[in-house]
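Student: Since chain A is already given, all that's left is putting chain B on it; use the hints.
The listed protein sequences derive, respectively, from chains A and B. Counting from 1, one number per residue, gives the positions in the first sequence under the working numbering. Counting from 1, one number per residue, gives the positions in the second sequence under the working numbering.
Calculated directly from the structure, the hints in this document are not laboratory data. Hints are not guaranteed to be accurate.
[Said to hold, decoys possible] The list that follows gives simulated cross-link-like pairs (lysine to any residue, SDA-like), each with its CA atoms no further than 25 angstroms apart:
1) K480(A) x A498(A)
2) K147(B) x K480(A)
3) K147(B) x A55(A)
4) K127(B) x K785(A)
5) K127(B) x A55(A)
6) K147(B) x W234(A)
7) K48(B) x L235(A)
8) K147(B) x E584(A)
9) K444(A) x E584(A)
10) K147(B) x L769(A)
11) K48(B) x R389(A)
12) K198(B) x E177(B)
13) K127(B) x A668(A)
14) K534(A) x D459(A)
15) K127(B) x R305(A)
16) K147(B) x S8(A)
17) K215(A) x W234(A)
18) K127(B) x L7(A)
19) K147(B) x E467(A)
20) K147(B) x M288(A)
21) K785(A) x K200(B)
22) K147(B) x L14(A)
23) K147(B) x D459(A)
24) K147(B) x E89(A)
25) K147(B) x R389(A)
26) K147(B) x D17(A)
27) K127(B) x L312(A)
28) K215(A) x E89(A)
29) K48(B) x L35(B)
30) K200(B) x T186(B)
31) K127(B) x L14(A)
32) K127(B) x Q308(A)
33) K48(B) x P734(A)
34) K147(B) x R291(A)
35) K215(A) x A55(A)
36) K127(B) x H6(A)
Here the structure is a predicted model, which is why all the values come from computation and not from measurement.
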Amino acid sequence: MRSFEHLSPRWCKLARDLWNDRGRMLLMTVAIAVSLIATSAMLGAYAILTREISANYLGTRPASATLEMSQAIDAALLAKTRAHPLVAEVEAREVVQARTRVGDDWRRTLLFVVDDFQQLRLNRFHPESGAWPPRDGEVLIERSAVGMLEASTGQRLLIKPPHGPAKEVTVTGLVHDPGLAPAWQERTGYLYLTRTTLALLGEPTALHELRIELKGQPRDPRLVEEQSKAIAAWLVGQGYAAHEIRIPPPAQHPHQRQMVTVLLMMLGFAVVALLLSAILVANSLAAMLTRQIREIGIMKTIGARTSQIAGLYVVLVGLLGLAAVVLATPFGGLGAVLFARAISSMLNFEIYDASIPAWVFLVQVVAGIAVPLLLAIPPIFRASRQTVRQALDDHGVSSDRIRARLASLPASLRNGLRRPARFMLTVGLLSAGGAMFMTAINVKGGWQANIAKVYETRDYDVEIQLEIPTTRDLAQALGKLPVVRTMEAWGFSPAAFAKSGQLDVVRTYPDRGHGSLFVMAPPPATHLIHFPVKAGRWLAVGDTDAVVLNHAAAAQAAGLRVGDPVSLSLEGQPTTWRIVGIVEEIGSPAIAYVTDHAFATVTSTEGRARLLRIRTVAETSSERTSAIRTIEDELLQRNVAVTSVVPLAELRTAIGDHVKILVDALIAMAIILAVVGALGLGSAMSISVVERTREIGIMKTVGATPVRVVRLLVSEGLAISVSSWFLACAFSVPLTHFVDRLIGNLGFLAPLPLVLSMGAAAGWGALTLAVGYLATLVPARRASKLVIREALAHT
Amino acid sequence: MSTYEPNVHIVELRGVRKTFATAGRPFAALDGIDLRLPAGEFVAVVGKSGSGKSTLLNLVAGIDRPDTGQVIVAGASVHAMDESSLATWRGQHVGVVFQFFQLLPTLTVLENVMLPMDFCRTLPLAKARVRGLDLLEQVGIAEQAHKLPSTLSGGQQQRAAIARALANDPRLLVADEPTGNLDSQTAQAVLELLAAQKRKGKSILMVTHERDLGELLDRVITLADGRLVGEQVREVVRA
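One chain only, chain B, in its complex shape:
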């Protein structure tokens, strides 16, 4: 295995193990995962329900912590950060896209997009507004900027969520089944939007059940019972 290089590798997991307490015995969601993902790739994590996909994503995004092992993202030892540092780091370096969009219902679409810039104090209010509108333009819903999320369709909401994830210009986007709640046509549009971000240099790690993504993906990671059981690179994926 080659040496981890932050500019080359966006994610590295070393001996990561994560268990959850259940009514019976502890359940190992991830069981000794070693993984290294190159920067600038669109990577899909696949596997059956309960295989550990979302847990893997949560660990990479700093949403959860491993029991043992190391999680290094964009050069930062995520597993060693305290909650407060983690929040700031995540806000600046990782954009998260959820299956159910998770836009704040009382904020307009634009305000939702501006929120990460506000929390991380990356831009002053006026510039944040300009950037927010620009991002909404990029994802194709600029005309919805001043509406509440509840008035938007699912696809529009997910586009807004992607715009929000891009707000602080993170190197990595993680998306947990971003198309799971969308019809196939809309899902395709969202995936293409993500792919466009990859083309702009972002790294994308996405949990998905979608098939036929060969044209868009650079790598597919397959999990089963908390273990890494397969890793296919672009040529194989597209074959």
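Next up, chain A with everything else stripped away, as it sits in the complex:
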């Protein structure tokens, strides 16, 4: 017996209750602590990441808008623009899409051309190592592109610019550009070079991108657009011409929205885990109160008020919460920093300050103590408000009326239902834990199924984008290569949703990586793509003004429906179409599909194509790589300017890599939920058995053998496990649907397909059965071994 002489008797009682039931108390504390670690890790990571991603991105001094000028930007234009009252800063840049030889492949590479490395004004990047600035003939590489291009300082890279032959340049330094989505996620290399180096590569050195920072750095996209248009119009009046305005989401890293949404979703899962652990505490406490109901009656008899009784148990739960907070704080903090570092590394930004704000700890303390307390208050007040007679007369079972209703149920369920509230809490806890567990696995399955759609809806192996429309003779020649099974030559153009008489406005970053729109013009009877039609129809032979939007384009053109006219600017040229259908196209940017003939007519490119989609005869990955290389060699021999060659496998990798961390984190959450759920079941089962010790004594008195007693109790545990499993399966379907919509819309602008994992259901079933079995078996065997006198004397 522990001595607590310095405490008054009632607190002695509390201390001894805690000590005597230390196993279960520890279990409750661990359950809260585990979920609190998850919650505080997610909350801490959220606080660190949202602060640091902003600090990183805003530290680059991102341009509010980029005006794509029709002529070369000179010093006079820069000076005039800088003097405009709406302009805070201005800089001329150019981004050239090239390709870099990596092993036997050519990888898409963006060349960021900078006029003066010593005077970066906007979209700044920082030297990490090596040379700064790069000398002529040298390039710097963005640190996240090192793996993509398999290049490091000192190595030579073979770069194929759009208009000339491939040439070698030396990588002389490493830079960090926090304003870009990571290279490995975009499957694109990032290189930084001077105009002279660009000239050495055989490209024109004129800069066309007029990057502007608006005064006051407005955060309202409409205001940015309005002011950017005003500047562009003013420039036109000054004798300059801009044909496109590119406006990124103001003050937002390219992946910030996705990151925040994912973090909030993970936080949501963690909060649910915390709620589940709080239910576990409430459930265990309810059981403890049931056992102590006579003691409560006695205490009230000798003078305890309701508030004094309630206070004891409130303090007990508060202490458990406090212990969990103490336990969780270091691990939660560590988890937050590690998770934040993993995410920042993935998104290629620096954690300048890894400190967790005080409010996170405050929320953690409040959540760790208040959430279990809130859920524990109903059973505490129910027990402490009982009158003395009710408390002393309590037999711990439901009313006769309820018992009568249960009579038709199997004995194993009927026994579990003798305390309906606790039964509901136990089954509810397990069901919720199970549903979340299955949802996490299901969402992972949905994500993978969505990625699989990349292959299912595309029957080509490689997409080749040409610098300029090229005659279809080339296509025919390529089509005769033995490695080519099918080839289609499509029209292609960067585009924008246009407004009559206004400049094209594209919601994209300077690298055109996110938010861009393209028009593609396949033959209507194309065999290489077959996207699910969500509304209207696909293109038909003879269509002249029909356009089919993929769902990403439809999202950009919010408000437009099938049948509506739509104006598209094709590289500055206005065209008008009528929407005939909307398709779901996973893994592509916004694309508007028109027929090849209609496209050729409006762009005057009859007989020419800019996009080649090819299906090879290859059966294996290595054969496919070899076939693509053969095609590229053919293009090289024919001196065709190629903008990009994107194998379908690259696209799939890019999509998969975008959210790998999300899937991993979902699984981690599933494991946490499984732990909390298992602890809940274990706790409830063991309490249930212990409470029935007297009953076991009676059963043995009337002839039940220990084996029979154990079998009966275990069957009850399994009945609860099975009941909760059915409910968990049922709950997991709408929950999966909800999360699929959330994540799908976030990642793909379309819900993920509903995938119900049989493995997850079976796994959860096995876990609940195993825990239910073990959690019942151990105390049941212990209770069944008691001699009858001991069992009957049990209180």
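Tutor: For chain B alone, kept in the frame of chain A given last:
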């Protein structure tokens, strides 16, 4: 009937009726009880099982409430108090002794005795400890003070329960078959302990099945089917 005087009468029941819902028709445990008990007496309530003895005791101790009628104990209208006031009042004015002792199993004997003083905040911790030990001395189990109740014999536990009932120095002790779970020798010792409290000025109301208590009792109340069917005073009891 004379007028109720708090200093003279410790308990007065006026037209008390108490029924309980059962599977069949409502069962009247007490059916129109009028009773007045003088202060300072050792009173036994007797009757067959189901006659309403424990219900009467529960009403007097404020453990239960009458459906109709008034329960006045030590000058307080018990029937009109809310649960919280009742708890404090009971802790200060009534000591309750149960048949099965009902000591809290996780507290030592001394702590059990100190508990009413803690809840009613009658004494600070140090003084409560001294008083607790003193009470245990009075009931003859001071050497058991730091033991858990489960290590004590039934008689010792009931002595501890009596010490606990005396903790806040109440005017009235109610005891529900305090000897029902004890052997005859121990039962006699417990009854004598209660009688000793009566001699110290306490009023004692006890439900019992014991016979041959004539020497100890001042009054015997007999109940049958929820009605008061007999009241014998000292001379008759001892006759």
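Student: Evaluate each hint against the coordinates.
Tutor: Evaluation of the provided hints:
Note on K480(A) and A498(A): the hinted pairing is violated, with a Cα-Cα distance of about 39 angstroms set against a maximum of 25 angstroms. Only pairs whose Cα atoms come within 25 angstroms are accepted, and K147(B) paired with K480(A) is rejected, the gap being roughly 99 angstroms. Only pairs whose Cα atoms come within 25 angstroms are accepted, and K147(B) paired with A55(A) is rejected, the gap being roughly 65 angstroms. Taking the CA atoms of K127(B) and K785(A), the gap is near 46 angstroms; set against the 25 angstroms cutoff, the hint is violated.
Note on K127(B) and A55(A): the hinted pairing is violated, with a Cα-Cα distance of about 63 angstroms set against a maximum of 25 angstroms. With a CA separation close to 94 angstroms, the supplied pair K147(B) and W234(A) exceeds the 25 angstroms bound. Annotation: proposed proximity of K48(B) to L235(A) is violated, straight-line Cα distance about 109 angstroms (limit 25 angstroms). About 77 angstroms separates the Cα atoms of K147(B) and E584(A), which puts this hinted pair outside 25 angstroms; it is violated.
In summary, the hint linking K444(A) to E584(A) is supported, as the alpha carbons are separated by about 20 angstroms, within the 25 angstroms threshold. The hinted pair formed by K147(B) and L769(A) fails the criterion: a straight-line CA distance of about 43 angstroms is larger than 25 angstroms. A threshold of 25 angstroms between alpha carbons decides the hint, and for K48(B) with R389(A) the separation of about 21 angstroms falls inside it, so the pair holds. Restraint check: the Cα-Cα separation between K198(B) and E177(B) comes to about 17 angstroms, which is no more than 25 angstroms; the hinted pair holds.
A C-alpha spacing of about 56 angstroms is found between K127(B) and A668(A), which places the hinted pair above 25 angstroms, so the restraint is violated. As the CA atoms of K534(A) and D459(A) are separated by approximately 20 angstroms, the hinted pair is consistent with the 25 angstroms bound. For the proposed pair K127(B) and R305(A), the alpha carbon gap of about 22 angstroms is at most 25 angstroms, so the pair holds. About 16 angstroms separates the Cα atoms of K147(B) and S8(A), which keeps this hinted pair within 25 angstroms; it holds.
Between K215(A) and W234(A) the CA atoms are separated by roughly 16 angstroms; this keeps the pair inside 25 angstroms, and the hint holds. At roughly 13 angstroms between alpha-carbon atoms, K127(B) and L7(A) fall within 25 angstroms of each other, so this suggested pair holds. Only pairs whose Cα atoms come within 25 angstroms are accepted, and K147(B) paired with E467(A) is rejected, the gap being roughly 93 angstroms. For the proposed pair K147(B) and M288(A), the alpha carbon gap of about 24 angstroms is at most 25 angstroms, so the pair holds.
The straight-line distance between the Cα atoms of K785(A) and K200(B) is roughly 50 angstroms, outside the 25 angstroms bound, and the hint therefore fails. Between K147(B) and L14(A) the alpha-carbon distance is near 17 angstroms, which keeps this suggested pair within the 25 angstroms criterion. Proximity of K147(B) to D459(A) is assessed by CA-CA distance (about 83 angstroms); at most 25 angstroms being required, the pair is judged violated. A distance of roughly 83 angstroms separates the Cα atoms of K147(B) and E89(A); the hinted pair therefore is violated under the 25 angstroms criterion.
Between K147(B) and R389(A) the alpha-carbon distance is near 29 angstroms, which puts this suggested pair outside the 25 angstroms criterion. Distance hint between K147(B) and D17(A) is fulfilled; the C-alpha atoms sit about 16 angstroms from each other, no more than 25 angstroms. The straight-line distance between the Cα atoms of K127(B) and L312(A) is roughly 22 angstroms, inside the 25 angstroms bound, and the hint therefore holds. Using a Cα cut-off of 25 angstroms, the hinted pair K215(A) and E89(A) holds, with the two alpha carbons roughly 8 angstroms apart.
Proposed proximity of K48(B) and L35(B) is supported: the alpha carbons are some 19 angstroms apart, at most 25 angstroms. For the given pair, K200(B) sits about 21 angstroms from T186(B) by alpha-carbon distance, which is consistent with the 25 angstroms threshold. For the suggested pair K127(B) and L14(A), the alpha carbons sit about 21 angstroms apart, so the restraint of at most 25 angstroms is met. For the proposed pair K127(B) and Q308(A), the alpha carbon gap of about 21 angstroms is at most 25 angstroms, so the pair holds.
Annotation: proposed proximity of K48(B) to P734(A) is violated, straight-line Cα distance about 62 angstroms (limit 25 angstroms). Annotation: proposed proximity of K147(B) to R291(A) holds, straight-line Cα distance about 22 angstroms (limit 25 angstroms). Of the pairs offered as hints, the one joining K215(A) and A55(A) holds, with about 19 angstroms between alpha carbons and a cut-off of 25 angstroms not exceeded. Taking the CA atoms of K127(B) and H6(A), the gap is near 13 angstroms; set against the 25 angstroms cutoff, the hint holds.
The earlier numbered hints that this structure contradicts are 1, 2, 3, 4, 5, 6, 7, 8, 10, 13, 19, 21, 23, 24, 25, 33.
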